[in-house]
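Asks: Listed below are the residues making up each chain.
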Amino acid sequence: MNIVVLVKQVPDTGAERTLSQADHTLDREDADLVLDEINERAAEEALRLKETADAHITVVSMGPDSALDAIRKVLAMGGDRGIHVCDDRLHGADVLTTAKVLAAAVRTVTDVDLVLAGNATTDGQASAVPAVVADLLALPQLTQVRKLDVAEGRVRAERETENGEATLDAPLPALVSVTEKINEPRYPSFKGIMAAKKKPVDTVDLDDLFPDAAAFPVTRTRVVEAVPRPPRAAGTRIADDGSAGRQLAAYLIAQKLV
Amino acid sequence: MSRKPMKDPLDLLDLSSTLTEEEREIQATVARFLADRVRPHIAEWFENAHFARELAPELGKLGVLGMHLEGYGCAGTNAVSYGLACLELEAADSGFRSFVSVQGSLSMFSIWKWGSEEQKQEWLPRLAAGEAIGCFGLTEPDFGSNPSGMRTRAVRDGDDWILNGSKMWITNGGIADVATVWAQTEDGVRGFLVPRGTPGFTTQDIKQKMSLRASITSELYFDNVRLPDSARLPLAEGLRGPLSCLNEARFGILFGAVGAARDCIQTAIEYADSRVQFDKPISAFQLTQKKLADMSVSLSSAALIAVHLGRLKDQHRIRPEQISVGKLNNVREAIAIARECRTVLGANGISLEYSPLRHANNLESVLTYEGTSEMHTLVVGQALTGQPAFR
Amino acid sequence: MPHVLVLVDHDGDRVNKSTYELLAAARRLGDPAAVVVGTPGTAARLGRSLARHGATSVHAAESTEAAEFLVTPAVDALELAVRETSPAAVLVSATTDGREAAARLAARLDAGLLIDAVDLDSSGVVTQIVFGGSYTVRSQATHGIPVITVRPGAFEPEEHPGEAVERTLTLPGVDPGTSARITARRAAPAGDRPGLTEATVVVSGGRGVGGTDGFKVVEELADALGGAVGASRAAVDAGYYPHQFQVGQTGKSVSAQLYIALGISGAIQHLAGMQTSKTIVAVNKDPEAPILDLADYSVVGDLFEVAPQLTQEVAARRTGS
Chain A
1 MNIVVLVKQV PDTGAERTLS QADHTLDRED ADLVLDEINE RAAEEALRLK
51 ETADAHITVV SMGPDSALDA IRKVLAMGGD RGIHVCDDRL HGADVLTTAK
101 VLAAAVRTVT DVDLVLAGNA TTDGQASAVP AVVADLLALP QLTQVRKLDV
151 AEGRVRAERE TENGEATLDA PLPALVSVTE KINEPRYPSF KGIMAAKKKP
201 VDTVDLDDLF PDAAAFPVTR TRVVEAVPRP PRAAGTRIAD DGSAGRQLAA
251 YLIAQKLV
Chain B
1 MSRKPMKDPL DLLDLSSTLT EEEREIQATV ARFLADRVRP HIAEWFENAH
51 FARELAPELG KLGVLGMHLE GYGCAGTNAV SYGLACLELE AADSGFRSFV
101 SVQGSLSMFS IWKWGSEEQK QEWLPRLAAG EAIGCFGLTE PDFGSNPSGM
151 RTRAVRDGDD WILNGSKMWI TNGGIADVAT VWAQTEDGVR GFLVPRGTPG
201 FTTQDIKQKM SLRASITSEL YFDNVRLPDS ARLPLAEGLR GPLSCLNEAR
251 FGILFGAVGA ARDCIQTAIE YADSRVQFDK PISAFQLTQK KLADMSVSLS
301 SAALIAVHLG RLKDQHRIRP EQISVGKLNN VREAIAIARE CRTVLGANGI
351 SLEYSPLRHA NNLESVLTYE GTSEMHTLVV GQALTGQPAF R
Chain C
1 MPHVLVLVDH DGDRVNKSTY ELLAAARRLG DPAAVVVGTP GTAARLGRSL
51 ARHGATSVHA AESTEAAEFL VTPAVDALEL AVRETSPAAV LVSATTDGRE
101 AAARLAARLD AGLLIDAVDL DSSGVVTQIV FGGSYTVRSQ ATHGIPVITV
151 RPGAFEPEEH PGEAVERTLT LPGVDPGTSA RITARRAAPA GDRPGLTEAT
201 VVVSGGRGVG GTDGFKVVEE LADALGGAVG ASRAAVDAGY YPHQFQVGQT
251 GKSVSAQLYI ALGISGAIQH LAGMQTSKTI VAVNKDPEAP ILDLADYSVV
301 GDLFEVAPQL TQEVAARRTG S
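Note that the protein sequences, when read in sequence, are chains A, B and C. Counting with the working numbering, you get residues 1 to 258 for the letters of the first sequence. Counting with the working numbering, you get residues 1 to 391 for the letters of the second sequence. Counting with the working numbering, you get residues 1 to 321 for the letters of the third sequence.
Take the hints with a grain of salt, since some may be wrong.
Below, a list of computed lysine-lysine pairs in the DSS-like style, where the Cα atoms sit at most 27 Å apart [stated by the list, open to error]:
#1 B:LYS61 with A:LYS50
#2 B:LYS4 with C:LYS252
#3 B:LYS61 with A:LYS147
#4 C:LYS216 with C:LYS278
#5 A:LYS256 with A:LYS50
#6 B:LYS7 with C:LYS278
#7 B:LYS61 with B:LYS120
#8 A:LYS256 with C:LYS278
#9 B:LYS61 with C:LYS252
#10 A:LYS147 with A:LYS50
#11 A:LYS147 with C:LYS216
#12 C:LYS17 with A:LYS256
#13 B:LYS290 with B:LYS280
#14 A:LYS256 with C:LYS216
#15 C:LYS216 with A:LYS181
#16 B:LYS4 with C:LYS278
#17 B:LYS61 with A:LYS199
#18 B:LYS113 with A:LYS191
#19 B:LYS7 with C:LYS216
#20 C:LYS285 with A:LYS181
#21 B:LYS4 with A:LYS191
I should point out that these hints are in silico values taken from the structure, not numbers from a laboratory.
Full structure from sequences and hints, please.
Replies: Structure (structure tokens):
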């Protein structure tokens, strides 16, 4: 079975995130970058499948030089090879371009049976990239999955969203995005970390993936204005006169928190 | 200049820039494992004097146990990586670092270095996996710095040996599946592997400790314990056997102390940033800054010593007195830092919610075991003057 | 006026409140055209209430298998509707299904995708709040027909009664080789709360909760908000709530969008675990409790009065009554 895992490097969730003054994109230089946690679970799911069936795992990541660290991490966990899409022209790529590039990278892998991804990344992407990749590759999307079974050429999955749960069924090849509930990812072992250095990683750019890379825009949206929200000011304080619960509800609604 | 406090005081000199990518990944993996599995519980374990034995197989899976040894299921990393793992382990708690040091550098190393092929095959894979636990008996109730006076004796009886005596302050003793025990024989000091359950071999855990509470410390008793000659470590002759193991363990300690100190300073910086007195964070007061600056300077030099000695060890040219320099300096500085950090935390510093006093208490043991500060001072003194001043 | 397509969220019989919010938002850009994807007869059932909330046309994309496949039928229907109506924009609720449908549509149209809008002006510039609330961003599409997902609750539903023209969209058959079939559906199990560190909303109780029973009030509010339950060390030490829910120095650190502290005084150890939360609300009887100084909104009062009232208000809003 050929499995492709899509991973992404994101700023550490503990770190404060800032937007670059110049172009309103996420300032990645300012933060510690780590393999996104949910992506790690996608990788773990691929590794579990590899334990029960003969599987070859390709790790794909799009991003600057440092994205190689995310690929190496999954290789250290037990992945087999990496594809690193690295191109300065992708700076500020929108969801669509990201998905197009990832889909193109997946197409370079022959006979893919399963594409695995995290359901969302913690850095503000729309949680929709996997669905778009599925659309572009004409694969069934089994997204937001908390439980996965792959057997006899079919994939069965439990999807969980704010609307409840659903059981999904589709033939392979298919794309699956997993939620944080699906598993506990393993730690890479020291032997794995040392072995990862010897595993192949291909670095490709847009021209390797597209005959005419200039033909599509990097982003189809534009940030007109980005304003840091003011720091916490002295808050509102009320004494309960019997209506504090209602006043509190009104406050939360006004803050768009409810 | 950022107004945010520095997260890791070792960034002051950008220590990680001296490490390879592989070394950084190993360090980060250990740190993350501990953040997930140990840090949330360590205060409770320390308070309840609980050693989380169930973590041993997980540490084994990671490759921590005997990580710097080659073969037999060991990871085979370099010495610097082993040191960095110890640094992170001790940043969580000296008790965990002690467990790993004893398992890897004393128990496993003694078998790996001095054992027969059969002994290695029997014990090393299980010890590396954390399925079996090892301990190391050299110190006795009456012989600490002076092991040559040990009273534990092994006497030939036909093809067998009869072992009598006791060992004291033995980390992992009560839970060990195999003990490396050093005893006097008529040919000098020899090492024996004594499996748990051997008739006449009993252990007693030491209670009411003020230090290393999240680790097990025991006394070992040997009452006419009969061992076949195949239990003897065939390649170990004289005190050089156990002392070579101690050098391995001390190497981990001199990194570990850096970890404990770093954790204390991180805690103090974070606390000083959030603790407001007289309408400003106490980190904005000069006296607090002097403490933090002095401590971070001494932390930085301890870390540089550790990495330097690691590089020497990886080039196979480290000398015992160099390890003494590292252990003497780094543990001495770490305990001073831990106590000073406690003062930054004020009354909150005496609570197990914060790490400095726990580290300070743990470091009392670390200061003494694997060669007391006094002995290491004399080792350095002898190296400088050529004059042994031990007795 | 140009058409603005709105994807209708429904359960087969009733339109979800979030759709009325979309219709209100759509009216800022043009004439709302509702797209109903469902089994035959659905659009007829829903048409009247859509028209009452401003829909000027209802596009029925109906087939027996429309509800059996995940997301694809909605994408197909929107794509057809776009080709037929050349709308000024497409609006979809920023639910999980909605986000996925919108993104796939945008990909097929090669159009700008604007995510999680909380506001929208007549020129199509949307307002978004990003990075856990640390930035307010205004953006617009530069390419193709803007596809906008709108955060539920960001707009108020408006009644704007009128007549809606009915149109039919002929959905293509779904290829089961490229779409996942939904073989069963279940409501989310009750009491299935998000994990503390991942939750966007955390409701925590302290010593003031008074006991195990008192934590029911905390749990009910958390459930109404779809949040996680936390506890202070004092509450855990007193045995009111299990240790794994402890927030603070020796417990978990949370960085929620909304942190509600009930009966928590705000010892420095607790603050260390929650003060990076974006909005902090505190309810405490003691007017001197330190947490009240840190909170964005604080109530001096009895949590057993305030919290249930808040729970009720939130629950009422969630059901759209």
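Asks: Indicate, hint by hint, whether the structure satisfies it.
Replies: Here's how the hints hold up against the structure:
{"no.": "1", "hint": "B:LYS61 with A:LYS50", "result": "18 Å, holds"}
{"no.": "2", "hint": "B:LYS4 with C:LYS252", "result": "22 Å, holds"}
{"no.": "3", "hint": "B:LYS61 with A:LYS147", "result": "25 Å, holds"}
{"no.": "4", "hint": "C:LYS216 with C:LYS278", "result": "25 Å, holds"}
{"no.": "5", "hint": "A:LYS256 with A:LYS50", "result": "44 Å, violated"}
{"no.": "6", "hint": "B:LYS7 with C:LYS278", "result": "21 Å, holds"}
{"no.": "7", "hint": "B:LYS61 with B:LYS120", "result": "19 Å, holds"}
{"no.": "8", "hint": "A:LYS256 with C:LYS278", "result": "12 Å, holds"}
{"no.": "9", "hint": "B:LYS61 with C:LYS252", "result": "26 Å, holds"}
{"no.": "10", "hint": "A:LYS147 with A:LYS50", "result": "16 Å, holds"}
{"no.": "11", "hint": "A:LYS147 with C:LYS216", "result": "30 Å, violated"}
{"no.": "12", "hint": "C:LYS17 with A:LYS256", "result": "15 Å, holds"}
{"no.": "13", "hint": "B:LYS290 with B:LYS280", "result": "17 Å, holds"}
{"no.": "14", "hint": "A:LYS256 with C:LYS216", "result": "25 Å, holds"}
{"no.": "15", "hint": "C:LYS216 with A:LYS181", "result": "25 Å, holds"}
{"no.": "16", "hint": "B:LYS4 with C:LYS278", "result": "18 Å, holds"}
{"no.": "17", "hint": "B:LYS61 with A:LYS199", "result": "21 Å, holds"}
{"no.": "18", "hint": "B:LYS113 with A:LYS191", "result": "21 Å, holds"}
{"no.": "19", "hint": "B:LYS7 with C:LYS216", "result": "38 Å, violated"}
{"no.": "20", "hint": "C:LYS285 with A:LYS181", "result": "37 Å, violated"}
{"no.": "21", "hint": "B:LYS4 with A:LYS191", "result": "37 Å, violated"}
Consistency note: the structure conflicts with the earlier hints numbered 5, 11, 19, 20 and 21.
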